[in-house]
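Undergrad: Make the complex out of the two chains shown on their own, each in a separate frame, by following the hints.
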Amino acid sequence: MTIERFKTILLLSLVIISLLLTRQIWIKSPYRTGLAFEDGKLDTDDYIRIDIIKPHKYLLNFNEDSHTIFHSDMNNNLWTSVHSSLVDILSSNNVKTEEISNEEFITYHDNRSIVFYFPEQYNTYILARFLDIPQPNDITEKIQKVDSIYIYLGKGEPYLVFSDKDFHLKIYESNLDFEYIKTRVGQIEKSNNITYYYPMRDSLNVNNDIYIPYKMSRAIPTVYVKNDINTDNIEDIRKIAEVFFQKDIDYIREIVENNGTVLYLYGDEVLKVSQNGFLEYYSPLEEQVPERNLYVSLVTASEFLSSNMEIPEDLYLDDIQEIESGGNLGYRFTFKYRIGGLPVILKNEEIEDFIQLEVFNKYIRSYKRFIREEMSVKSNNVIGNTEMLSAYEIISMNYDLIKNDYMVENNVQAIDEDKLKEELLLNIEDISIAYLDPCENKVREKLIGVWILKTKNNVYAFDVYDGSLVIKK
Amino acid sequence: MWRKIVALLFALITITNISTIALADNVDSSKYQVILPKEEASAYKNKVILISGQAPVGTKISIELYGVVDLTGNKYSLINLPNKDDYTLISTADIESGPLGFAKEVELIRGINKIIVNFNVEGIDSVERIVYYYEAQQIFETLRNSSVIPTAN
Numbered sequence: 001m002t003i004e005r006f007k008t009i010l011l012l013s014l015v016i017i018s019l020l021l022t023r024q025i026w027i028k029s030p031y032r033t034g035l036a037f038e039d040g041k042l043d044t045d046d047y048i049r050i051d052i053i054k055p056h057k058y059l060l061n062f063n064e065d066s067h068t069i070f071h072s073d074m075n076n077n078l079w080t081s082v083h084s085s086l087v088d089i090l091s092s093n094n095v096k097t098e099e100i101s102n103e104e105f106i107t108y109h110d111n112r113s114i115v116f117y118f119p120e121q122y123n124t125y126i127l128a129r130f131l132d133i134p135q136p137n138d139i140t141e142k143i144q145k146v147d148s149i150y151i152y153l154g155k156g157e158p159y160l161v162f163s164d165k166d167f168h169l170k171i172y173e174s175n176l177d178f179e180y181i182k183t184r185v186g187q188i189e190k191s192n193n194i195t196y197y198y199p200m201r202d203s204l205n206v207n208n209d210i211y212i213p214y215k216m217s218r219a220i221p222t223v224y225v226k227n228d229i230n231t232d233n234i235e236d237i238r239k240i241a242e243v244f245f246q247k248d249i250d251y252i253r254e255i256v257e258n259n260g261t262v263l264y265l266y267g268d269e270v271l272k273v274s275q276n277g278f279l280e281y282y283s284p285l286e287e288q289v290p291e292r293n294l295y296v297s298l299v300t301a302s303e304f305l306s307s308n309m310e311i312p313e314d315l316y317l318d319d320i321q322e323i324e325s326g327g328n329l330g331y332r333f334t335f336k337y338r339i340g341g342l343p344v345i346l347k348n349e350e351i352e353d354f355i356q357l358e359v360f361n362k363y364i365r366s367y368k369r370f371i372r373e374e375m376s377v378k379s380n381n382v383i384g385n386t387e388m389l390s391a392y393e394i395i396s397m398n399y400d401l402i403k404n405d406y407m408v409e410n411n412v413q414a415i416d417e418d419k420l421k422e423e424l425l426l427n428i429e430d431i432s433i434a435y436l437d438p439c440e441n442k443v444r445e446k447l448i449g450v451w452i453l454k455t456k457n458n459v460y461a462f463d464v465y466d467g468s469l470v471i472k473k
Numbered sequence: 001m002w003r004k005i006v007a008l009l010f011a012l013i014t015i016t017n018i019s020t021i022a023l024a025d026n027v028d029s030s031k032y033q034v035i036l037p038k039e040e041a042s043a044y045k046n047k048v049i050l051i052s053g054q055a056p057v058g059t060k061i062s063i064e065l066y067g068v069v070d071l072t073g074n075k076y077s078l079i080n081l082p083n084k085d086d087y088t089l090i091s092t093a094d095i096e097s098g099p100l101g102f103a104k105e106v107e108l109i110r111g112i113n114k115i116i117v118n119f120n121v122e123g124i125d126s127v128e129r130i131v132y133y134y135e136a137q138q139i140f141e142t143l144r145n146s147s148v149i150p151t152a153n
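If you're matching them up, the sequences are chains A and B in order. This note's numbering puts the first residue of the first sequence at 1, with every later residue one more than the last. This note's numbering puts the first residue of the second sequence at 1, with every later residue one more than the last.
Keep in mind that the hints were calculated from the coordinates and are not lab data. All C-beta atoms, glycine included, are put in the ideal place defined by N, C-alpha and C. It cannot be assumed that every hint is accurate.
[As the list claims (entries may be wrong)] To be clear about the criterion: a stretch of chain A counts as covered by chain B if any three or more of its residues have a C-beta under 8 Å from a C-beta of chain B, and this derived list gives those stretches: (1) 58–64; (2) 198–207.
[Stated by the list, open to error] Pairs of lysine-lysine, PhoX-like flavour, derived with a Cα cap of 20 Å: (3) A:K446 - A:K403; (4) A:K165 - A:K190; (5) A:K155 - A:K57; (6) A:K421 - B:K31; (7) B:K31 - A:K419; (8) A:K155 - B:K84; (9) A:K182 - B:K45.
[Stated by the list, open to error] Label-pair distances were calculated between CB atoms; the ranges are: (10) A:S191 - B:I95: 24 to 32 Å; (11) A:E429 - B:V57: 19 to 27 Å; (12) A:N208 - B:D125: 23 to 31 Å; (13) A:E99 - B:V57: 51 to 59 Å.
Same shape as in the complex, but just chain B (with noise of 0.2 Å):
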């Protein structure tokens, strides 16, 4: 009896398994981008940022920015990155594609800021972007007491 149901589960999970791996094959994923911000890392000297991108219509979409304290504000910069666990969750946002992709403007925090889109669509993998926001006094005082400079986009 035990043998028939352990195979019965073993089978259930291979036919599972076989059908995500399909639809994941079926998954186009250049439909899936993030727009902006362009580079993987750059730095901002606005507060609010736009996250844009293209997904199929009716994809439901969450961005959830993440950010570090750093009260100096020089603690941290684009070559030197906080450790993932150092990263707390800020905001979160879920929007669904229209056909236009989709886009939200997102408020960040001074210094290094993490944001992830998730696709929530299997084989989609979530897109992630640092971004170091700056005010142009803080510049300044990065320059003066530090010789790391972020990098302008």
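Chain A on its own, in the form it takes in the complex (with noise of 0.2 Å):
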């Protein structure tokens, strides 16, 4: 009697069990529901958020006399040191806050301290999200967006200065600590081969805060790149389809273009390989998003580029623009990577960028991808003897070139040669070391090492070593 009873329990739960089996092959939709989170779970565990949001720049001052400037934190975790600081500064309920003015904050640079400079203001509340603070503190609200931070290294009390252009807040908190940041400041000040850069304002008497170097202590080493993607072989490509679309490729319809490119169509998403390498994503909208949100969108971002292909390590995000299609509103994030250390930018002007994601809230429109790796030639030294050209030198050597492009645009006739030296110095933005891509060949790209002048109306590229332009966009 109880082995019947027995039998009679296990087939009716082998029935329950095929009738659940049942409703999952057929009740649930074959196809994917785009790539949007569930309602109010937004779960990135796996994947460190505040890792996209990284200084471009790190200016190191060791006193009133001598700064540095990094475009890298390679080998010396600066920035990464210092999240748990920022975490009690956007967390705390005991921070003091000041206002301080720009000509206060400039001084502030003969202390001993370090100032990381973001490509893009960053939203504060963003940042604090990104560091893991549920509530951030009121700082959001005084600060709302930030484009550097600045750590004071001297004796004395710490504290930070957050910066949004000439909008300065200096903040104070008890329990901040900074000591490996201060060890490996030292460290780094004791070394021997440091390109020393000077604020224009002190050295060229105009009244601009860059800093530019007039001797670099060292060159950069040649590097070689090649595709991230094989377009050579398809089942590379078919392979990453099936990532895509997590579908076996026999689910998915194929199509290759006469010009090599590859199309794969799945429901209503779209990917193209093309075969310079270049990876292109379409998916529509499921539903109107009338109202944008930065921080889902980046949240959203995040967890795509880290559920699909390989990001390389070093990926920043570079550029924050809102956009509107049909009515949705939406971001546009631009993310660009480092090789050896250093921003690489593209000569190609087809592909606009790396990676490009067009954003709203929580689905994801469109994503460009365009990503090289660095390979290990025999060559990937620094070139012979060859001395690399200072920010100095190569605005010296195109300064006729800078002075025609500035008349022109702002319709300037002949003036004062000095006045007209000042005005130029004041229109430059920004100067920086960087990789220049030609996006040539698919493998064995040779990198061009680049000085980046940015004026208000022009974005120069300058080789180091002979200073010719080498783009101007």
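TA: Okay, structure coming up:
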């Protein structure tokens, strides 16, 4: 009798299990519901979101006479070591704040300190949330955007200064600990091959706070790259399509065009891989998005990046633009990355940037990607004995070109040369070192070391070794 | 005959001097400036110093660095400067002024350094800067051993 009852229960269980499994097969749609999150759930535990927010420039002020700039945090962990202090600052109830003038802030650069410059004005609330602070304090209201963070490393009470252009908020918090960064900056100061940077305000007697070097202590290495997508092997491209659609290739429609471009279609989603390694993905929005939310959009972007193809280690968010399409409001995020510690820019006008996403809150509408990998080539060294030109030398060599552009663009007639020089120097917004990718070869592409000079109207890239103009945008 | 020669020489010398004075009068001294170091005498914490300034494009400029042998590092200070004869030429750099002016990084020696910027233009005086280079440790010793403190710029 007991055995019969057991058999009945077992049979009943098997029926229930089979019903559940059948439901999964037939009721659940075979099409993915876009790359969206379930409402209210933003599960990105496997990805540290703060990693996409990185400074693009680090100014180290050893004292009033000595400054240097790094473009990368490689091997130093200067930025990552201050994450915990930023968490304290943005979550503590014991912070004291004080607004300071631009003139006062400039004098702070004479003190032992470090300044992290961001490529974009980051929203302070987003910064706090990406540091895993559930409820940030009122600093996010006192300064809503931040383009640089200054940290005082001298004697006495430590403090930070959050800056947004000429607005500066000085912040004290009793628990701040910068011992690691102090030690590291001390070690860097003692190293022999420092390239010193000087403020143009002091060295050229012009009202511009950009720091430029006059002599480079070392050259940059020669770097060769290759496409991260092997477009000569269709199997490799198919695997990428499978990752994107999370389906076996048998369920995905494949179209190969005459020029070698491969298209993959799955439902309304499209994946296009061009022969030059440029990948584009499009997915229509599933619903109207009449309001944009930066935080949700950024989380969606970071989740998307981490769940698809591998992303370069030194990737950072470079630009945020608001976009509108058919009444939907969203953002266009541009990500860039560094090779050998230096940012890389593209010469190809067709490929706008390395990674570009159009995000409408929890929906990705488009994704464009062109990633190159560093190659291990034997000649991966500094170019012979060639000395690298400094920013000062580059401006001097190309002075006439910059001057002519400035005069044409600003409709300037012949004026006093000294006054014109002052105006030109005031017109410079930034100057930094980068690699330029000519985008001409799939493999063994040699990157060109360039000085990127940004003026109010133009971006110039000059070869770091001969000073010639490589591109102008 | 001799009288004629002497008169001719006198006339030549006079003409040459007049033209030199006229040339010197045409030189705008405000076009020749040293921007860094700002002060005539200053203390400096970094071993490398930038000498920068303005001069018309193409001006040949020489930058001379002089130092004094001071093994203790305490013999001289910005208040107690060495005599002119005590200085030794350490290095010379010849540069040409460009559209931005001129600039050159120079490596200092510990203690008192004298930098002379010579524009090599008649009528324009060379510019002299005294720089006291010290390291953090050195300043402690100076404070301990002497009441003379180098002034920061």
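Undergrad: Decide, hint by hint, whether the structure agrees.
TA: Hints, verified against the model:
1. 58–64: Three-residue rule met by the region 58–64 of chain A, so holds; n is 3.
2. 198–207: holds (count 5)
3. A:K446 - A:K403: violated, 31 Å
4. A:K165 - A:K190: Violated, at about 32 Å.
5. A:K155 - A:K57: The hint is violated at about 24 Å.
6. A:K421 - B:K31: Status holds; Cα separation ~13 Å.
7. B:K31 - A:K419: Between K31 (chain B) and K419 (chain A) the Cα gap is close to 13 Å, so the pair holds against 20 Å.
8. A:K155 - B:K84: Since the Cα atoms of K155 (chain A) and K84 (chain B) sit roughly 39 Å apart, the hinted pair is violated (cutoff 20 Å).
9. A:K182 - B:K45: holds, 18 Å
10. A:S191 - B:I95: 24 to 32 Å: With a Cβ separation near 27 Å, S191 (chain A) and I95 (chain B) satisfy 24 to 32 Å, so the hint holds.
11. A:E429 - B:V57: 19 to 27 Å: Cβ of E429 (chain A) to Cβ of V57 (chain B): about 25 Å, so the range 19 to 27 Å holds.
12. A:N208 - B:D125: 23 to 31 Å: Check passed, 30 Å falls within 23 to 31 Å.
13. A:E99 - B:V57: 51 to 59 Å: violated, 44 Å
Checked against the numbered hints given earlier, the structure breaks hints 3, 4, 5, 8, 13 and satisfies all the rest.
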